[in-house]
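Here the structure of chain A is known, so what remains is to put chain B in place on it, guided by the hints.
One letter stands for each residue in the lines below.
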Amino acid sequence: MPQMDFTTYAPQLVWLVISFVLLYVLMARMALPRIESILSMRERRIEGDLTEAAEMGRKAEAAQKNFDKVTSETRARAQKLASESRAAANTAQLARMAKKDAELAEQAKKSDAEITAARNKAMGSLRDVAADVAQAAAEKVTGSRISRDVALQAIDAELKARG
Amino acid sequence: MEEAGHAEHSPLAQFEIHRLIPLEFFGIDASFTNAALFMLISVALITWFLMAATRGQNLVPGRLQAMAEASYGLIAGAVRDNVGTEGKQYFPFVFSLFMFILFANFIGLIPHTFTVTSHIIVTFALAMFIFIAVTIIGLWRHKLHFFSLFLPHGVPIFLAPLLVPIEIIGYLTRPISLSVRLAANMLAGHTMLEVFAGFVVALGIFGFAPFLFVIAIYGLEVIVAFLQAYVFAVLTCLYLSDAINLHKH
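Order-wise, the sequence lines are chains A and B. So for the first sequence, our numbering puts the first residue at 1; every next one is plus one. So for the second sequence, our numbering puts the first residue at 1; every next one is plus one.
Chain A extracted, bound-state conformation (with noise of 0.2 Å):
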């Protein structure tokens, strides 16, 4: 059995340090630094992005409750125009109405006056021609004239008697 042959212990054990140590320096200087920088590489590569994910997420929520309050905000501001103009256009028209109606009373008691006016002469006229009528009938009645002022004085009295 060749695993009993001792004369070839000494060249097998010679040579397995020789081949263990050569390994030992290879993998322990060589190869497994630069798996180990792989494996690191990577690991900071996912914690990285992991940490970015969880900014950008941050970020976003961020933005989201900014624009929250910006179209909280808006439409208060815009709530408040809208009402703010409409009181304003209220009062407008209210004072517009007043303004009008003034004018309108302001017309009416002109008109009014005019009216009073225009009657007032219509009765002057009413009594001259009354006066002319009474004349001409007491000279018809009892054949002598009567003064124009006894006339006006009685249609006067008349007039007043009547209301």
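If you are wondering where the hints come from, they were derived from the structure by calculation, not from laboratory data. Quick caveat, the model's predicted, so the values are computed rather than measured. Please note that the accuracy of each hint is not assured.
If you want a taste of the chain B side facing chain A, the calculated C-beta under 8 Å gives, among others [stated by the list, open to error]:
1. E16
2. T33
3. N34
4. I46
5. T54
6. L59
7. Q89
8. F93
9. F95
Okay, the calculated bits of chain B under chain A, using three or more residues with CB under 8 Å as the criterion [claimed, not checked]:
10. 62 to 73
11. 118 to 129
Yeah, the Cβ is synthetic: ideal placement off N, Cα and C, and Gly gets one too.
Frame of chain A; chain B shown alone:
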């Protein structure tokens, strides 16, 4: 190899050592043998495999890089799980050990090659180195307290005279069990393959039956080649754990 056409071809011929370059240093026979050649081939292949696989340093690994990372992860996991964080400094050694045995086993499965790990002297040297190193680490870390390893916790003191010798024998036979397990597995597997391969030729037309058997056994041997390398590495981790953590683990 050169005995291929030899009349008295034995299934054990594959294990023979040939001095390719006779050398002698200080009276020690340091001849460059076929065993030495295949040791160096293992070292070269391991280094080439790992360096070529990690050349791209890709964030997303390809097939080769994934294999290199898996071998790293397998041994790093074994060291971390069995020894703990303090085992990190021994990781390059355990990794080298695992890869050396794994590649020696795998290369040995290629016909007409030589299996370095089928020689008990090689596996025994590795196991003895581990045994001595682990004992020194244990003594250096725990001083005389290291010997409490031979009295398991919670054992009634009157059982000590019985248990302590058993534990000591168990400790001392570690290098033997570790080395014999590996070498015997390689020796038995390769011998069986050789014997049944001989039957294929001898049986002529009926040779297909042993041929199928050889194929099945070869598949088994591939698993054994990996498993024995892994077992060797894991047991090394457990011995290291005993030396570093005593019973705490």
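Compare the structure with the hints numbered earlier in the document and write down the numbers of the violated ones, lowest to highest.
3 and 7
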